[in-house]
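Asks: Okay, here's what each chain looks like letter by letter:
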Amino acid sequence: MSEKYLSRNFGVTDSHKIEVYLKGNGYSAVRNALKIKPENIIEEIKKAGLRGRGGAGFPAGVKWGFVPKKTDKPKYLCVNADEGEPGTVKDRYIMTHNPHQLFEGIIIASYAVGINTAFIYIRGEYENIAQRLEEALDEARAEGFLGKNIQGSGFNLDVYVHRGAGAYICGEETALLESLEGKRGNPRLKPPFPASVGLFNCPTVINNVETLANVPVIINVGADAFQKTGQKGDGGTRIFGVSGMVKKPGVYELPVGTTLRDIIFKHAGGMKGSRRLKAVIPGGMSAPVLTADEIDVPMDFESLMEKKSMLGSAGIIVIDQETSMVDVLKVVTKFYAHESCGQCTPCRIGNAWIYRIVKRVAAREAGKRDLDTICRLANNMLGKTLCPLGDAAAMPILAIMKKFRTEIESHLEQ
Amino acid sequence: MSPQFSEKALKQVEKIVARYPHKEAALLPVLVLARREFGRIAEEEEKLVAAILGIKPIKVREVVTFYSMLNREKIGKYHIQVCSNISCTVMGAETLLDHIRKKIGIEPGQTTEDGKFSLSTVECLGACEMAPCMMVNEHYYGNLDKKKIDKILDKME
Chain Z
272 MSEKYLSRNF GVTDSHKIEV YLKGNGYSAV RNALKIKPEN IIEEIKKAGL
322 RGRGGAGFPA GVKWGFVPKK TDKPKYLCVN ADEGEPGTVK DRYIMTHNPH
372 QLFEGIIIAS YAVGINTAFI YIRGEYENIA QRLEEALDEA RAEGFLGKNI
422 QGSGFNLDVY VHRGAGAYIC GEETALLESL EGKRGNPRLK PPFPASVGLF
472 NCPTVINNVE TLANVPVIIN VGADAFQKTG QKGDGGTRIF GVSGMVKKPG
522 VYELPVGTTL RDIIFKHAGG MKGSRRLKAV IPGGMSAPVL TADEIDVPMD
572 FESLMEKKSM LGSAGIIVID QETSMVDVLK VVTKFYAHES CGQCTPCRIG
622 NAWIYRIVKR VAAREAGKRD LDTICRLANN MLGKTLCPLG DAAAMPILAI
672 MKKFRTEIES HLEQ
Chain C
294 MSPQFSEKAL KQVEKIVARY PHKEAALLPV LVLARREFGR IAEEEEKLVA
344 AILGIKPIKV REVVTFYSML NREKIGKYHI QVCSNISCTV MGAETLLDHI
394 RKKIGIEPGQ TTEDGKFSLS TVECLGACEM APCMMVNEHY YGNLDKKKID
444 KILDKME
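Top to bottom, those sequences are chains Z and C. If you want the numbering used here, it's the 1-based position in the first sequence plus 271. If you want the numbering used here, it's the 1-based position in the second sequence plus 293.
Warning: the hint list may mix true and false statements.
Said to hold, decoys possible - Label-pair ranges, simulated between beta-carbon atoms:
#1 K439(C) / K518(Z): 20 to 30 Å
#2 I445(C) / G540(Z): 38 to 48 Å
#3 T616(Z) / G332(C): 34 to 44 Å
Claimed, not checked - Computed cross-link-like contacts, DSBU-like style, restricted to lysine-lysine with a CA-CA straight-line distance of at most 30 Å:
#4 K605(Z) / K367(C)
#5 K308(C) / K367(C)
#6 K605(Z) / K439(C)
#7 K655(Z) / K639(Z)
Rather than coming from a laboratory, the hints here were simulated on the basis of the structure. Just so it is clear, the structure is predicted and the values come from calculations on it, not from any experiment. Glycine is no exception: its CB is placed at the ideal position from the N, C-alpha and C atoms.
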């Protein structure tokens, strides 16, 4: 039996209500954490090997440690609940079924870093979830877990829900900050990093929903146990979202390092009907595609990097033999052309041209030289943009072009 | 007549503004509120929001044109948004979109003449595990097939 750190109460009646959460020993992590010195909490999170669940996988404790201790400015926590990466559904489940565990993470992180204001930036489409969060925040306030002098500790924290309005790029942390300040979501140049110059030019921590929901777990079970559940330097579980042509699409919380094959064939029930596996996108659309014979890979950051892909947001998209990779390429390139914020030329123009050429490929109005042009354009985006969107577009496009070139060429010849 | 916020909405605006150290930061939530009140954010609505927050209308325009949910044109009573992203495509979203197009007689980007339905294709809605999926107004519908879509749309008055 593997640990269920985050999903234990998914599906339990009224699991989102505070009275149900408190009955299951909820908020004990907050009570305990408020008695620990803030710097010791940061050390514990570092020791646990908690890496960011949003996609980049940056160690959370290290991120917190970058925020200056002494500053005249207020500090902020921004919770990234934008969940825009195609294939990713986990934060929706956490916020729907387990909002108070997220709040516990927010409270502990804020206490550890010395933050008194937090914003939950949630994508606009999650209107009903935003509503649920508001209600849950009211409950937490009424029970004295938010507001002034939390549980008699002298620590104050206000948490607000801030809704986005439809823009993939706002999941990128500096675009999120711009958006929260009431601007277009154009990413910022780094450095300075948000830890020193973030929201309203103040020191800011930005963490993903799932990352924060893991924080009370570490306080409860201890850094060692958390670390051991996963891999060295990459502790705990991941909520894998499985979608596409499988028998049982859904969310599966499993230890970091579970193999992709086990997730698809053991947990998600294998392929639907008589469909056969063709390809898998292992970590949200930006993760380079794997072929059917590459799925014996442990799902952790390092192992997927060795395969030249990435764990990203752990959104697994399963593609069957009957799906054309030309269609997949078309969807991928349309998405990035649509979602590029337009700030950096290689990404704005590159993605737009790639999509135009891919449309011709799909219509069989292109030649093999056009396929080379797609790769050239994608290579010209790599590493040449302010934010990771340029790479996030180029990498999956190049992977499809490399691993499925024969199929795409034969499509052109038909 | 130029649009005006209702008294209730104005109270909400006040509450939103109070959360931020700068008024401008309230822009997106106030626009979302205005979008709900007026059904669109065109020039008149931009001016209203700009006046309330004490910023230039052009700043509001900049923001409105960036976000896909802030529509400048009025849309139908029911806004059908069909996901065209990867998991939904693998699970047959294109056939379903065709079905909806024929059923209500409009193309993506259009509104029916009676103002009942607007149709859009959208990027990932974050509900891939129930692909193919769509939203109608703020509600999610997943694991769709033609029959299910008929049932959902036929119920809408």
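Asks: Next, verify each hint and record whether it holds.
Replies: Results for each hint:
Evaluation of the 20 to 30 Å hint for K439(C) and K518(Z) yields a pass: the beta carbon distance comes to about 21 Å. The beta-carbon spacing between I445(C) and G540(Z), approximately 27 Å, falls outside the hinted interval of 38 to 48 Å. For the pair T616(Z) and G332(C), the supplied restraint of 34 to 44 Å holds, since their beta-carbon distance comes to about 36 Å. A threshold of 30 Å between alpha carbons decides the hint, and for K605(Z) with K367(C) the separation of about 26 Å falls inside it, so the pair holds.
With a C-alpha separation of about 27 Å, the suggested pairing of K308(C) with K367(C) holds against the 30 Å cut-off. Note on K605(Z) and K439(C): the hinted pairing holds, with a Cα-Cα distance of about 25 Å set against a maximum of 30 Å. Distance hint between K655(Z) and K639(Z) is fulfilled; the C-alpha atoms sit about 26 Å from each other, no more than 30 Å.
In summary, the one numbered hint that this structure violates is 2.
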